Structure formats: structure tokens, C-alpha cells
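Since chain D is already given, all that's left is putting chains V, S and B on it; use the hints.
There are 4 protein chains.
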Amino acid sequence: MGVRPYPLASRVGHAQPSTIAIRNGSVQVGNGAFCLIAGPCAVESREQIVECARAVKAAGANALRGGVYKPRTSPYDFQGLGEEGLRLLATAREVTGLPIVTEVLDPRDVALVGEYADCIQVGSRNTQNYPLLKELGLIRRPVLLKRGMAMTIHEWLLSAEYILSAGNTDVILCERGIRTFESATRHTLDLNAIPVLKAETHLPVLVDPSHGTGCAAYVPAMAKAAMAAGADGLLIEVHPDPATAVSDGEQSLTCGQFAALSTQLRTLRTALR
Amino acid sequence: MGVRPYPLASRVGHAQPSTIAIRNGSVQVGNGAFCLIAGPCAVESREQIVECARAVKAAGANALRGGVYKPRTSPYDFQGLGEEGLRLLATAREVTGLPIVTEVLDPRDVALVGEYADCIQVGSRNTQNYPLLKELGLIRRPVLLKRGMAMTIHEWLLSAEYILSAGNTDVILCERGIRTFESATRHTLDLNAIPVLKAETHLPVLVDPSHGTGCAAYVPAMAKAAMAAGADGLLIEVHPDPATAVSDGEQSLTCGQFAALSTQLRTLRTALR
Amino acid sequence: MGVRPYPLASRVGHAQPSTIAIRNGSVQVGNGAFCLIAGPCAVESREQIVECARAVKAAGANALRGGVYKPRTSPYDFQGLGEEGLRLLATAREVTGLPIVTEVLDPRDVALVGEYADCIQVGSRNTQNYPLLKELGLIRRPVLLKRGMAMTIHEWLLSAEYILSAGNTDVILCERGIRTFESATRHTLDLNAIPVLKAETHLPVLVDPSHGTGCAAYVPAMAKAAMAAGADGLLIEVHPDPATAVSDGEQSLTCGQFAALSTQLRTLRTALR
Amino acid sequence: MGVRPYPLASRVGHAQPSTIAIRNGSVQVGNGAFCLIAGPCAVESREQIVECARAVKAAGANALRGGVYKPRTSPYDFQGLGEEGLRLLATAREVTGLPIVTEVLDPRDVALVGEYADCIQVGSRNTQNYPLLKELGLIRRPVLLKRGMAMTIHEWLLSAEYILSAGNTDVILCERGIRTFESATRHTLDLNAIPVLKAETHLPVLVDPSHGTGCAAYVPAMAKAAMAAGADGLLIEVHPDPATAVSDGEQSLTCGQFAALSTQLRTLRTALR
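Heads up: the protein sequence lines correspond to chains D, V, S and B, in order.
Mapped onto the numbering used here, the consecutive letters of the first sequence carry residue numbers 1 to 273.
Mapped onto the numbering used here, the consecutive letters of the second sequence carry residue numbers 1001 to 1273.
Mapped onto the numbering used here, the consecutive letters of the third sequence carry residue numbers 2001 to 2273.
Mapped onto the numbering used here, the consecutive letters of the fourth sequence carry residue numbers 3001 to 3273.
Among the hints, erroneous ones may be present.
Said to hold, decoys possible - Reference excerpt, derived from the structure (chain B facing chain V, CB under 8 Å, subset only):
(1) R3179
(2) T3180
(3) C3215
Unchecked claim - Which residues of chain V face chain B? A few of them, derived with a C-beta cut under 8 Å, are:
(4) Y1116
(5) R1179
(6) T1180
Everything labelled a hint here was simulated from the structure, so no lab data went into it.
Just so we're clear, the structure is a prediction, and the values are computed from it rather than from any experiment.
The C-beta atom is built at its ideal place from N, Cα and C for all residues, glycine as well.
The following block holds chain D by itself, in its conformation from the complex:
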């Protein structure tokens, strides 16, 4: 490997891949520590998020995801519950003990989101939103940085470098599908990114097969494939009743489907060691 323009993200100079601690180490991710993050696309109500949190916890999830600031393609679609949603996530954490992961869209919301969230997500539409990345470089929360829909791996690592160079050492990458000509899946989940990133960076690599495929029926196969390819964790959409979800119901597993997948993943993980 030659010199890379992302000295802080580069694998060079790291004897081992990094492990990143979420919520004071209650969850670890990277370098052998596998992290299973699950939950609904959007936080909808106290009942929904608590029920979902209990179910995914029981099934073996390590953290709870749920969106409260939703980047919706249309201005007329549900934009999320905002701070009220953050409070509901905190309630779900209190009930289950699961750390919470949620997305931020606006640099002006980073401090507020950081008060509630244990890990802050940057979604695929904001992976080159540099003011947001710089703001996230200044706080003390791990950042889960998704890949942009048309972002090369090289550019992705440079976006991580924005956060790292501003002072936050805890960046987790998350592959979630790229744009291609194929329309049988919502995006093309690019698992090739896993071995490429393992060679290029010390940062942990997660995979989101829910957004990657856009179809619940394809999620288990791609979740197992991601693990077999070496991913350090998974981000999976789970909803107590996908048919009534306010967003992305078609790609959400039921709590039962998630429990079944989680069992398969444990078996697979043992075989891969």
C-alpha cells in the first residue's frame, strides 16, 4: 500500500483494526467484536419503540436504531418526531438497557442529538455534507457514517477523515447499497466494500442489508453474506408491524423474523471464527 490521502483513516500504522466502544464500552465494535443494531426505520410512538426495543433485545441485538429526523425524498412525507422522538428513544434505552443509534441531518441539531444518542448516524444523503461532518468531529460520540449512494470507497474514507481530523476518533463505516442500473433491488448492496475496507482502513465496517436491498425477503441472505465477508456488525430494520410502518415497511423484518435471523447469525459466527 502506498501513501493514502486519509492518514487518520488508513490501515497503515495500525497493528490491529480498531475497536470502538459505544456507551462507555457497553457495546464494542471492530477487530473481532461484532455488533447487531436493530430497530424501526422511524420512531413512531412510545408503544412502537419500546415494543420493538424489547423484542430486538430479547433476540440478541446489541443496540437500538430508530430515526427521528428523517431525510425524506418528498417534503410532503413524514419528517420524523424530532426531539420528542429522542425522548422516546431514551425511554426505550431505559427500559431495555440498549444503547441508541439515531441519525442527524442538521449541524444545528448535533449537540441536541448528542445529548440523547449513544452513537450518531450520518445517512447516505449527507456523507459529503462537510459542515455536518466537521460538527460531528467536535463531539464525543461515535459516528456511524453510511456510504453515499454514488460514493466511491476512496471518497468515503475521505469523508471519515473529515470527522477524524476534527478530533473525533470514533468513526464506524456502514455500507448500505449504491446506485446502479439494476432495479430488482432498491439499491445494490456492495459487499465487495468489506474486504476493500479491511485492507484500507482500521475503522470498523457495518452493513445495512435493509436499505441495501429494500426488500425484507432478501435481508437474511444478505445479512449472512455480510457476516461471511467479514463485516463487524449489521444494521437491520425491524418493526413490530411492518405493514403499518410510516416508512420503509417493505424492507423491515418482523420481530419474529429478526429473532430467527439472529439465531442463524450466531451459528454462522461460530463457524467463521
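Chains V, S and B alone, transformed into the frame defined by chain D:
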């Protein structure tokens, strides 16, 4: 045409395409009014921007472009002069009378940029940065909304709808190339978007062949092609000395090349009427 | 320009771009000679092809296109009239004097097609069908080589080199759209290929806006854009009654629409000289 | 599932996915039968192919691959040993008992290749070469149909339908990467195709991680991922000395690397049952 999810951007209900006025009508764009915007990728110094402004004005440009908040892929690259750059643009406007177009990245900068700029650009990395779009919907300045690198035309119109539905009626679209497998050009400038947009929306459509091709030698051909396809204007990078430009020099025309192109465009425009 | 792996296709060593003669020079294409090829996607009947040939001739076309071996995505779709179709094309040529251009799919058909056709087309599905290209390198007919749907310009020139290196010097390139994520058009017609090819090769460059956009309403804008970008000719689908066409009716112009476009192209061409 | 335009390839009407027998059932693939095909990109010499065959057989491969008709992007690159190569493959089969898989490019070679090969491959450049597919529909050899570089899954199944509808019931699909903007890998291996195909068709699905990634270092991760996603087999390039390979050496495993991978795959397979 059936019902579209972008009622404000839709062509339906508009007898004519819209004309948008920049700087109190000193420049008009759309529905027959053609607008030629030129200038450097980045504002570098007083000398550079004033020299460039004078040259493009003399060559027939209607407005001056120049970046002061630069969305650079690497955090270690030049990030722009910021407010100092805005003041230099204002000086260039004072000297030449040309309205100024410049990019904003951060919703917290919208008010400041709006004090200086006559038209505010949203770049390809921020076309789905919804907090930024909402903020731009609240001010009284035309917005030049570039297409995202992996954005469908449908999604682009929904991003325009974010601005329109927040109250700002003056949105100008600008095609600047999409991501494909082809590497002979920096991006694939998608001129097909012009007739598609003409059928779908009443908003004016500009084209940026400089970013679209990434190569100065290809800019004149694609500029003329854009005009022949029906574009309402062009956004062209011009630098007094491209070899020394701090960014994107390889895609910038010299002042002389721009003057030659401008002459050709006038002849072409007459033939197309 | 450095050394290229396509010495025969390369622009290097050619003082001028090449002109290629079709049917003993009754039509010329390249280096200033513009060629307008029009006709139906598929030859359907004597009446259809003769009516269409007369109409496009009257409107100013230089050559007639029509498919008799059709590469259809489904085996259950109309596969073309085969040799009977070649005879109908010859009849249309006899009636109008227009040279004929038709596609070949199978190396075993090259000799037969060469007996009838004045120019032989290789379609986008066969641009890396090397046995076919080698066979076409052995005959004395110009070859119109379309770009593959996922073919880089570099690979395209190497496919041309297959024909050239086998002994046939008359290769005409034809851009017809590439595969991208955008679905508002059937393919993404890549006009950027025109200036790139003008810099890289001495071979003439045509554009097919009918397949490129897949929509008759967008064909005139893109035909004019192609001419303005420097194309040496156009390949346009025209059908006397698009609504009843056995294939690709939605992208075919009526004879009247083609005549109107042809008039606009003549005006444009004068302005571009 | 609604009606599909590929009635013979469709999953509908099949209680179980199909199993296809190669060489009178000495190897089976599909519906639980996993097939590991390995060997060099190109057959180069008796020593090379026999050594490689012995090594992959010892490591657990079920069949030997090796190209003798090579579809090379440049006409000046090695085009394969042709019939001499077929004889060398037959020798390797005699020595090891492994069935042989090799590619055909030209419909005129189908009968000859069918005399030697136990399974005939159609490469990514020929997946819409319909005369070739029709010819393969007439013989009694399984066909391994790779996906085209810009081919949707829908189109791929229609290409399979060409072979099936011509009378050959033994079609095996093989994902090998699609063209995208990402350049960190040679192509983007699309493992999402596996669960999609499992839902859509009864035909077996193989994966070629060697061409998909273009980099030997990434092959093991993607091979395991493909198996975890449900692939019915793998096609892996192995060369006794990749550094001296006449083609695609950078993506070939050494015999030792293949043996290590094969061991890992057996463990993984047990865990996935």
C-alpha cells in the same frame, strides 16, 4: 401527464415555462431568456476575481460565479475564503455590474450568503441536504439547484419542491453530470435531462459542462450541445490562468477560450430561434 | 496524447479525421461530411419499408436503416424477417436510391447481409462479439459499430480495432446510450463521447438519439444537441405509423416529425460551420 | 409472483429448485448440491492445466475450468489455444476425473466445444448473443450462463429462456459482477442477485468472485459471502503461478490459497445447513 408528487415544480398548470429574475431583473432566465454564468471555481484573490469578472463580462456573460465555501472531497484541501470571499465577489460585482452566484453548504450560512449573493447555488453534494433546502425556501434569493451525482430527475424535482413548498418560488435547475462507469470524462453530463425537464417542470434548466466533463477541451462542444438541446443557460468555469487555479483548473477555460465560445453560442442561438 | 493500444483507430498519425464512403461514395461520412440515416426499427412489409424510404428520402435522409435480424431481449418477441427482409430493403433502395444500413447478429450471416447491405450495423449487444467483429473485418463494406450499453470509450475503440486489424478500414462509430441509474430515459445518451472520440480517433462518430432516449418526444432535442457537439451523422428511427410498429414504436418519429427535424438540422448545420 | 415473461425459467410451477447433472451426474448442482469449479483463466500448456487440475481436485474442487477461446478486449492480446486447448482440457480430465467447463464465443464452435466440454460457458460479453444462445439450446450439454456487465436480472432470465425454449433444459446462472462507478474493484459483484434469483427461478445460481472483484485478496471474503447468501456453487480462478499467467493473474488464487479457501468453505457449509 398524470399526477406528479411535485405539484409546485410540475409543468401542469403553467401555460408557459417560468422566467426567473436575478438581481431585480437585471438578468432573466427561462422561457426564452438565456443566461450565461461564468467565473472561477473558487474565489482566490481580489485580482483574480476582478480580472475574471471583467473578462467574462466583456465576453458577454450575464452573471459571475465563484465559490467561497468549497465542498472539497478531502479535509486537507483548500476550503474557500468564506466571508472574505463574499466581499471580494461583491467588489467584482461593483466593478462590472454582474450579479453574483455562489454556493452555500451550511444552513447557518444562508443568511450571510444571501446578504451578498444575487443567486445562491446548492452543489451536487447537498441536493438532498433537506435542512439546507428548507432554509433556502425561507429567503428571497433565487436558488440554483444542481443535480446530485446519483440523483434521478424525479428526486431532483422533489428536492426543488422542498424549496418551493417552503415559500421561495425562484428555483433554477442545473444539470452537472452523473456518476457512471465511464471514466473518460469526470462525470457523464446528462443532456437528456433537458428535454425530460422541459416536459416535467416549468422551472428553468441550466447546464454546467465544466463539472460535467471535467476537461476544458470538451467544454465548448458540450456547451453548444446543451444550448441546442434547449437549455436556458450555462454555467462555465473560467480562470485567468487555469494552470495555477487552486481547484479544478483542468476543467476551466481561459478568458480567451471563453470569449471564443461565447461568440459561437450567440451564432448558434440565432439559428435555434 | 501518449501511446494508445488501438494504433489503427487512434487519431495519432492522421492529419485529418477520416471520411468513409458508403455505396461507392454516393454517401460520405466524416471530416465535415454529415450523414442522416433514417428508417424503421424493423422491416415489416414491402409497403412499410418503401413508404418509409420515400418519406425519409424526401425529407433529406442520406441512407435508409431497417432491421431484419432483430436482437430481442425475449425469445418470444418478433425476431425479424431475415433474408426476406434483406430483399425488401433492396427494393426500397431500388425505388429511392438510398443506400441501406442493416444489422447483423451472427458471423454466419455476414456474407449474406454483405450482398444486400451498403453498410452493416453491429448493435449494442454485440460490440464485444469478437468472432462477429473479425468476420466483419474480412468483408468490403463499411461497418457501423454501436457502443455497448456498459462499454467504456476505451473498450469501444478496441472493438473497432478488431475490425480494422482484420483488414476492413471502414468503421463508423455510433453512440446510442449507456446504462445508468436514471430511468426517465430508456438509456442515457452520452454525448460527451463525441468530443472524447474526436480527440482520440480519426473514425467518424454518429449518434442514435432514438435508442438513446427511448422516447420520440426527446429525439429532436438530442439530435440537435448531437449535431452541435460535433457528431458526423445521426441514426433516427422513423415509422409511417409508430403506434402499430412491431418494435420500438414509442421511440420512432412519424415521417412528418422527421421532416420537421431534418429542416431544423439543416439550419443548425449552417450556423455551426 | 405474477406472470413472468420467462415461463421456462420461472420458479412458478416448480415444487423444488432444479438440480442439474454435469457429466452424467458425476457432479450435481442446485437444490442443495453445491459445486466448486476451479482452474485457470486460460489454458496455457499441458503442464499448467494438468498441474492446476490435480491441485484443485486435491483441494476439493468438483470441476475444472479453463478458457481456450478467450474474449479479449484487445485484438492484440492472447486469444486462446482453441482446439488444442480443448485437447489439453480433455487430458486434464482424464488424469483427474474432473469434468471440464470452458467458454464458447462463436456459434460455429458449439458442436466442437460440445465434443470436449462437460459444461459450456457463455461469458459476460455474449449473454445477449442470441444466435449463440439458440445454438446452445440445441445441444445436450449444460450451459453456464454468466450475467452481462450491464444486464438486469430480468434480462438475464430472458437470455436463459432463449436456451431453454430451444430445447436445452440445463441452464446454470453465474453472477460475475456488474459495471458501476466504483473502481476499487474491477466490477461490482452483485450478491443481491442470489436471493432475487432464488425467488424468481428454479435454475441453479453460481458466483464468480474472481472476475467480480478482479483481485485475489478479495476472493475468499466474497466466496464465503456468496455461499452464505445461498449460492449453489462457485467459479474460482486458480493458477499454479499467478505472476506468470497470460491473463487475469492478479485475480487468480495460488493452488495453496485455493486449498485454504476450500477448507473454510466446507466448515461454512456445515454451519449453513
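So, going through the hints one by one against the coordinates:
| no. | hint | verdict |
| --- | --- | --- |
| 1 | R3179 | 4 Å, holds |
| 2 | T3180 | 6 Å, holds |
| 3 | C3215 | 17 Å, violated |
| 4 | Y1116 | 35 Å, violated |
| 5 | R1179 | 4 Å, holds |
| 6 | T1180 | 6 Å, holds |
Violated hints, listed in ascending order, are 3, 4; each of the other numbered hints is respected by the structure.
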